[in-house]
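Engineer: Could you put the whole structure together from the sequences, leaning on the hints where they help?
Heads up: the protein sequence lines correspond to chains A and B, in order.
full-length UniProt numbering puts the first residue of the first sequence at 1, with every later residue one more than the last.
full-length UniProt numbering puts the first residue of the second sequence at 1, with every later residue one more than the last.
Accuracy of the hints is not assured; some may be wrong.
Calculated cross-link-like contacts (lysine-lysine; reagent style DSBU-like; alpha-carbon spacing at most 30 Å) [claimed, not checked]:
(1) A:K218 to A:K233
(2) B:K191 to B:K217
(3) A:K191 to A:K141
(4) A:K109 to A:K141
(5) A:K218 to B:K217
(6) B:K218 to A:K217
(7) A:K233 to A:K192
(8) B:K218 to A:K218
(9) B:K170 to A:K170
(10) B:K191 to B:K218
(11) B:K191 to B:K141
(12) A:K141 to A:K170
Covered stretches of chain A, as calculated for chain B (at least 3 residues, CB under 8 Å) [to be verified]:
(13) 20-33
(14) 54-61
(15) 80-88
(16) 122-130
Simulated from the structure, these hints should not be mistaken for lab results.
The beta carbon of each residue, even a glycine, is placed where N, CA and C say it ideally should be.
Listed below are the residues making up each chain.
Protein chains: 2
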Amino acid sequence: MNTTEEVLDFVHHGHERYLPHLSIDCVIFGYHEHQLKILLIRHHQHDRWSLPGGYIGRHETLTEAANRILAEKTQLSNLFLEQFYVFGDSPTRMNRIETQQTHNTTYAKVGVTIGENHWLSERTLSIGYYALVDYLNVVVKPEYLVDEYCWWDASELPELEYDHNEIISKAFLTLRAQIYQQPVGYNLLPKKFTLPEIHALYESILDRQFDRRNFRKKLLALGMIRQLPEQRKIGPHRSPFLYEFDLEGYRRAVEDLSVRAF
Amino acid sequence: MNTTEEVLDFVHHGHERYLPHLSIDCVIFGYHEHQLKILLIRHHQHDRWSLPGGYIGRHETLTEAANRILAEKTQLSNLFLEQFYVFGDSPTRMNRIETQQTHNTTYAKVGVTIGENHWLSERTLSIGYYALVDYLNVVVKPEYLVDEYCWWDASELPELEYDHNEIISKAFLTLRAQIYQQPVGYNLLPKKFTLPEIHALYESILDRQFDRRNFRKKLLALGMIRQLPEQRKIGPHRSPFLYEFDLEGYRRAVEDLSVRAF
Numbered sequence: 001m002n003t004t005e006e007v008l009d010f011v012h013h014g015h016e017r018y019l020p021h022l023s024i025d026c027v028i029f030g031y032h033e034h035q036l037k038i039l040l041i042r043h044h045q046h047d048r049w050s051l052p053g054g055y056i057g058r059h060e061t062l063t064e065a066a067n068r069i070l071a072e073k074t075q076l077s078n079l080f081l082e083q084f085y086v087f088g089d090s091p092t093r094m095n096r097i098e099t100q101q102t103h104n105t106t107y108a109k110v111g112v113t114i115g116e117n118h119w120l121s122e123r124t125l126s127i128g129y130y131a132l133v134d135y136l137n138v139v140v141k142p143e144y145l146v147d148e149y150c151w152w153d154a155s156e157l158p159e160l161e162y163d164h165n166e167i168i169s170k171a172f173l174t175l176r177a178q179i180y181q182q183p184v185g186y187n188l189l190p191k192k193f194t195l196p197e198i199h200a201l202y203e204s205i206l207d208r209q210f211d212r213r214n215f216r217k218k219l220l221a222l223g224m225i226r227q228l229p230e231q232r233k234i235g236p237h238r239s240p241f242l243y244e245f246d247l248e249g250y251r252r253a254v255e256d257l258s259v260r261a262f
Numbered sequence: 001m002n003t004t005e006e007v008l009d010f011v012h013h014g015h016e017r018y019l020p021h022l023s024i025d026c027v028i029f030g031y032h033e034h035q036l037k038i039l040l041i042r043h044h045q046h047d048r049w050s051l052p053g054g055y056i057g058r059h060e061t062l063t064e065a066a067n068r069i070l071a072e073k074t075q076l077s078n079l080f081l082e083q084f085y086v087f088g089d090s091p092t093r094m095n096r097i098e099t100q101q102t103h104n105t106t107y108a109k110v111g112v113t114i115g116e117n118h119w120l121s122e123r124t125l126s127i128g129y130y131a132l133v134d135y136l137n138v139v140v141k142p143e144y145l146v147d148e149y150c151w152w153d154a155s156e157l158p159e160l161e162y163d164h165n166e167i168i169s170k171a172f173l174t175l176r177a178q179i180y181q182q183p184v185g186y187n188l189l190p191k192k193f194t195l196p197e198i199h200a201l202y203e204s205i206l207d208r209q210f211d212r213r214n215f216r217k218k219l220l221a222l223g224m225i226r227q228l229p230e231q232r233k234i235g236p237h238r239s240p241f242l243y244e245f246d247l248e249g250y251r252r253a254v255e256d257l258s259v260r261a262f
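Structural biologist: In structure tokens:
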């Protein structure tokens with residue numbers, strides 16, 4: 001929505017095009033300079049930040065809706081995007097007055113008041129999706145009702161709107177659990193990366209320190225990554241080797257890991 | 001709903017008490033005589049079976065709704081119950097005419113016709129929950145609109161209503177992934193069990209054969225189960241030892257397993 005007319009049309013007719021009571025919130029993870037980042041937005045005149053999100057069109061599938069919302073925010077398609085949980089327990093989601101006030105701050109920009117019985121004030125459950133994006137490729141498109149966008153360090157998040165801190169915590173737990181099942185690093189790192197880059201990524205997702213030499217040995221032994229005959233020149237005496245993921249090896253390693261339990 | 005009046009009240013006023021567009025479907029796993037089972041129902045005059053489910057009350061949390069629905073079906077509370085996915089992609093869920101016809105077969109029993117614009121005909125996304133229950137403790141309560149209940153062998157399911165086969169496949173994938181993270185066996189087996197019982201359970205969930213002696217050695221070495229100084233008399237020369245789960249040991253083993261990756 002980028003004009004006053006589009007926003008007003010959404011306020012007055014959105015419930016005809018979108019399903020009420022349900023939204024999608026996206027936890028968009030990026031990685032830059034050894035830091036795991038999350039994309040947050042600040043709506044018009046709000047103090048608190050929130051996750052980018054949207055509604056499900058009455059004639060689009062849930063997967064189509066999630067991909068459309070993510071593409072609208074990041075200008076990227078064909079991303080790694082995974083549903084992870086539905087949030088429907090927080091009291092803040094069941095409080096019409098609070099929801100109404102939050103919306104009224106935002107929509108004051110176009111001069112409308114959202115009533116207590118307006119479709120936007122109704123109880124809304126939210127389906128959480130997480131995305132892993134190549135930070136450098138994201139071009140955030142400014143939106144009319146959004147005052148500010150920012151990539152926040154995942155380790156230093158502020159207090160967010162609604163239950164969005166809880167949504168991020170759950171996304172983190174999922175990311176941690178899936179780091180052994182999905183090639184998480186593959187989607188967050190550039191195609192060719194250095195050892196310090198992947199080492200710091202795993203340390204920040206798992207919130208744990210790994211000995212760098214053992215970490216390298218283990219990943220190579222498992223066949224998850226392979227060393228390339230290329231180096232990156234980053235200084236007169238610093239030219240670390242580059243590595244890339246071996247997706248087939250990754251899949252085999254994950255399979256072995258599961259079997260090894262028995 | 002157990003009387004005609006309750007059903008009619010639900011048809012005419014359900015949308016005032018429940019959120020439209022959203023339901024909960026429960027995949028209830030039980031285990032009996034070395035077979036993994038799933039509880040299915042057959043609605044009035046339907047040929048196909050389906051998963052038990054229900055709607056979310058406007059004033060109850062999502063977790064409360066899931067627990068209430070499961071308690072209504074199984075008469076059990078405090079069960080292992082986990083949300084695993086939202087289903088919103090199947091064309092069969094977006095087809096009003098098909099939904100309307102399905103409902104009309106069911107509600108013919110109380111002499112009402114569901115129109116194309118009735119709240120029950122609207123597009124409904126479904127939140128999948130899976131439950132692990134002690135088969136022997138379940139007392140299924142007959143319901144007015146349900147002709148038949150049955151525990152089906154998980155390996156021999158019929159073609160179900162809507163996208164319910166897909167929901168069960170996803171529940172299975174989740175159960176398999178979580179067998180290493182949750183004490184799945186603990187919730188499906190009786191408190192004290194024999195080695196053949198747990199061996200067959202793991203084999204049927206993971207759809208894979210394990211050498212029985214190595215399986216026992218591994219579980220004991222990991223500290224996941226412990227042998228009891230008790231035997232079960234099942235025949236003149238057959239009195240296998242009993243085992244129980246060590247939940248603390250289970251948690252440690254799962255933790256170790258994750259760390260071992262690096």
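Engineer: Provide an ascending list of the numbers of those earlier hints which the structure does not satisfy.
Structural biologist: none
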